[in-house]
Amino acid sequence: MSTSRRVSIIRDLVLYVLTCIGLVWLVLRGAEQLGYQWHWRQVAHHLIVMGDGSLTAGPLIRGLLVTMEITLVSLVLAGGIGLTVALLRLSSSRLGRCAARVYLESIRNTPLLVQIFFFYFVVAPLFDIGRTTTAILALSLFEGAYVSEIIRAGIISIGRGQWEACYSLGLSRTQSYRAVILPQALRRILPPLTSQAVSLIKDSALVSTIAVYDVTMAGRTIVADTFLVFEVWFVVAALYLTLTLSLSALASRLERRFPRVA
Amino acid sequence: MQTILDATSADQVVIVADHLRKNFPGPVVALDDCSLQVRRGEVMVVIGPSGSGKSTLLRCLNGLETVDSGRIVIDTVPLDDQETHRLAIRRRVGMVFQSFNLFPHLTVEGNINLAQRLVRGRSRTAALATTVSLLDKVGLADALHRYPDELSGGQQQRVAIARALAMHPKVMLFDEATSALDPEMIGEVLDVMRTLAAEGMTMVVVTHEMGFAREVGDRVVFMEQGRIVEQAATDDFFQRPAKERTRAFLGLVV
Ligand SMILES: Nc1ncnc2c1ncn2[C@@H]1O[C@H](COP(=O)(O)OP(=O)(O)OP(=O)(O)O)[C@@H](O)[C@H]1O
Ligand SMILES: [Mg+2]
Chain A
1 MSTSRRVSII RDLVLYVLTC IGLVWLVLRG AEQLGYQWHW RQVAHHLIVM
51 GDGSLTAGPL IRGLLVTMEI TLVSLVLAGG IGLTVALLRL SSSRLGRCAA
101 RVYLESIRNT PLLVQIFFFY FVVAPLFDIG RTTTAILALS LFEGAYVSEI
151 IRAGIISIGR GQWEACYSLG LSRTQSYRAV ILPQALRRIL PPLTSQAVSL
201 IKDSALVSTI AVYDVTMAGR TIVADTFLVF EVWFVVAALY LTLTLSLSAL
251 ASRLERRFPR VA
Chain B
1 MQTILDATSA DQVVIVADHL RKNFPGPVVA LDDCSLQVRR GEVMVVIGPS
51 GSGKSTLLRC LNGLETVDSG RIVIDTVPLD DQETHRLAIR RRVGMVFQSF
101 NLFPHLTVEG NINLAQRLVR GRSRTAALAT TVSLLDKVGL ADALHRYPDE
151 LSGGQQQRVA IARALAMHPK VMLFDEATSA LDPEMIGEVL DVMRTLAAEG
201 MTMVVVTHEM GFAREVGDRV VFMEQGRIVE QAATDDFFQR PAKERTRAFL
251 GLVV
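Protein chains in written order, with the working numbering: chain A, 1 to 262; chain B, 1 to 254.
Okay, chain B solo, but in the shape it has when bound:
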């Protein structure tokens, strides 16, 4: 335990995942001995065919799924059975879903204010100030009083990103944030993610957008059948893939 904590603080490693295993009844091997580390400010892109365990990996990192074995440490907090640890990690990790998951009964303001007030205990005015500045940042300054169903998919996803950012997370997880969007809206969401990366946010991004992966990703992880087949710096990964499987997949996708 001590060694991990030392390592994280020394190297500025924000996410440590060690030998993660996860099975679903079926039985399905969703994660098979996955290990990775993400440094502060790094953007790690996760790619792989459908069903390869990308979502499961991401969902294990914030405790939405529990691993069968292995160890996860986020920003020096171990993700274990202790409720205080789990809560600390939930507060440090923001997540953006493929299906947005905005609260349909609340306005944009209500969506972004809610957790600030309930979890962070901010006053209404303090929360609103954060909300307004974040909406401005994602280019939706005029959407404050709209309801989610009055917004386009791209706008909804940008609100969802603002909602997660309002909690001042140390890490942001994106699970195919643009996969449910019409092509003309993908760009606006990727732009927001690009800005975040440039500002030094630590991000783990599951995506099928290879252009975005090349441009914004610092490291790429390629998964297949629950295993991490290859992980490398972005340039190496795309220009000199080491594994045959990776080359085949890239040939298929690029």
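Chain A with its partners taken away, still in its complex shape:
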């Protein structure tokens, strides 16, 4: 690493730390002016419950697990939906292209909150599905629309020459997609796909509106009971940050493992 780069990294770090200190100071001053009393110790009980000499997960951690479950399942489903819709839009079937387009536009042009309510109040009673499933369904369909556009962009970014090579070697369309086009496209779209996954984690907070006991819901409940407004929301934010940062770290490791982009 060159000296100039090292200097600029140190400068950035210093700036970052200063900004953080500034923000914390602002919050502390605000709290002070409100006459806010800090009770960090009490928050710990909501994270981990100590009883009978054994440790069990408190409501915040249980909420976090629910958030992780919902986002993980939705992530997989959104990926599947996204791929299917992208392939439909690029297919030669008029009906397929049309259906994909209708799905995409109706999802993209209405708020997620409204969609969640729609599924909870309209769809769920009709088919008798539970809250968590409803939440997963709404989230996957919502994120799937965005994922499909990312995947489609990735696919059409692969040059015509790759298709022609596949064609002249006798590969079928499916084989070409699987072995040649998608591996290259996925590598290219890993960064936007990661942002979308991060969005999914954050968007999942909205499922607390249909009383799914995720980490946001846990936070709301605790705040209502204890009035530990600042502490609890700080902790909840930190928990989300942990999730999203781990995901980003995972993605950049993946990117380094597959370095070949055409």
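Treat the hints with caution; some may be incorrect.
Simulated restraints, written as ranges between beta carbons of each label pair [as the list claims (entries may be wrong)]:
id	chain 1	residue 1	chain 2	residue 2	range
1	A	Arg253	B	Asp136	36 to 44 Å
2	A	Ser252	B	Ala180	28 to 36 Å
3	B	Gln12	A	Ser252	56 to 64 Å
4	B	Ser133	A	Gly159	27 to 35 Å
5	A	Ser252	B	Thr125	35 to 43 Å
6	B	Ser133	A	Ile129	55 to 63 Å
7	B	Arg124	A	Arg173	19 to 27 Å
8	B	His168	A	Phe118	52 to 60 Å
9	B	Ala180	A	Ser199	39 to 47 Å
10	A	Ile9	B	Ala180	34 to 42 Å
11	B	His145	A	Val102	46 to 54 Å
12	A	Ile9	B	Arg124	45 to 53 Å
13	B	Thr195	A	Ser252	43 to 51 Å
Negatives, chain B to chain A, calculated, CB over 10 Å [stated by the list, open to error]:
id	residue
14	His19
15	Ser50
16	Asp81
17	Gly139
18	Ala141
19	His145
20	Asp191
21	Arg194
22	Thr195
23	Arg214
These are computed hints drawn from the structure, not numbers from a lab. No residue lacks a Cβ here, since even glycine has one placed at the ideal position from N, Cα and C.
Let chain A serve as the given structure and place chain B with the ligands on it in line with the hints.
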């Protein structure tokens, strides 16, 4: 139909192209009533100015482009709407592109094994054996585990040739296989093509390399504005060109 099939088997004609026409929106007349035949083991060289329809002609022969009218028969299989026919022709015809079109995410081994395994259904060991012997043939025995971006242009094009040969094609199409290469690498690719021709591969070669055309070509086709202006045996073509346009073009190029 029957007459064409009889003719192909009788005369050992591998490629029949009859009155091909192809327009692109614009409108551009890319092929205007082109007819030609290529016999087994013959090397046919296609030359002509830029935009004369050489690539289009080649791409129609393996179905990469569809003709507006006319008939194509490859190794007794007619190139028509039937998917089985089209697939049979894609398997019989290998193509080498100006821009190589190797798969950048796969090693050389992966590039050459892929279609052998997916299309021919060969086992990994069988595919690998073919791959290794073909790499040896194109002089790249040590490149098995390299990625395309670690190879020079000439090396990449030789891998692309090996990849096409791995499918045991009856016909090889070369579309300006050396045009994207630095001068010092052209020779190594032409050498591989020369060897192939000597082994009796049926080839259609679009090229600007007149020396190669004279030396390796059995017949030459000269195209201009989508039309075949002249086609003749190589010696006749270069020594006694019949058409004024051909003489002008050769005077320009040679
Ligand atoms: N996909 C396409 N869409 C529209 N026009 C095309 C397309 N492909 C080729 N053409 C046009 O058809 C004509 C013949 O093109 P072609 O590529 O066959 O020429 P060529 O002889 O191979 O030229 P070059 O020596 O430059 O490669 C040209 O006018 C070209 O612009
Ligand atoms: Mg061309």
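- Grab the minimum beta-carbon distance between histidine 145 of chain B and chain A and tell me whether it stays above 10 Å. holds (13 Å)
- Query: Looking at arginine 194 of chain B again, its CB stays over 10 Å from all of chain A?
  - Reply: holds (22 Å)
- For the range 55 to 63 Å, tell me whether the beta carbons of serine 133 of chain B and isoleucine 129 of chain A fit it or not. Since the Cβ atoms of serine 133 of chain B and isoleucine 129 of chain A sit about 59 Å apart, the hinted range of 55 to 63 Å holds.
- Item | Separation of aspartate 81 of chain B from chain A, once the least beta-carbon distance is taken, above 10 Å | holds (14 Å)
- Task: Could you tell me whether the CB distance from serine 252 of chain A to threonine 125 of chain B stays inside 35 to 43 Å?
- Result: Cβ of serine 252 of chain A to Cβ of threonine 125 of chain B: about 37 Å, so the range 35 to 43 Å holds.
- Query: So is serine 50 of chain B really clear of chain A, every C-beta pair being over 10 Å apart?
  - Reply: holds (19 Å)
- Using the beta carbons of arginine 253 of chain A and aspartate 136 of chain B, state whether their distance is inside 36 to 44 Å or not. holds (38 Å)
- Hint says 28 to 36 Å; check whether the CB-CB distance for serine 252 of chain A and alanine 180 of chain B agrees. Holds, since serine 252 of chain A and alanine 180 of chain B (Cβ atoms, about 34 Å apart) stay within the stated range.
- Item | Consistency of the no-contact label for alanine 141 of chain B, given chain A and a CB cut of 10 Å | holds (22 Å)
- Task: Indicate whether the distance between the beta carbons of histidine 168 of chain B and phenylalanine 118 of chain A respects the range 52 to 60 Å.
- Result: Between histidine 168 of chain B and phenylalanine 118 of chain A, where Cβ atoms are some 58 Å apart, the hint holds.
- Please confirm whether glycine 139 of chain B is truly not at the interface, meaning its C-beta sits more than 10 Å away from all C-beta atoms of chain A. Nearest chain A Cβ is 21 Å from glycine 139 of chain B, so the label holds.
- Query: Was arginine 214 of chain B rightly flagged as not at the interface, with every chain A Cβ beyond 10 Å?
  - Reply: Its Cβ never comes within 10 Å of chain A, the nearest being 28 Å, so this holds.
Against the hints set out earlier in the document, no violation occurs for any number.
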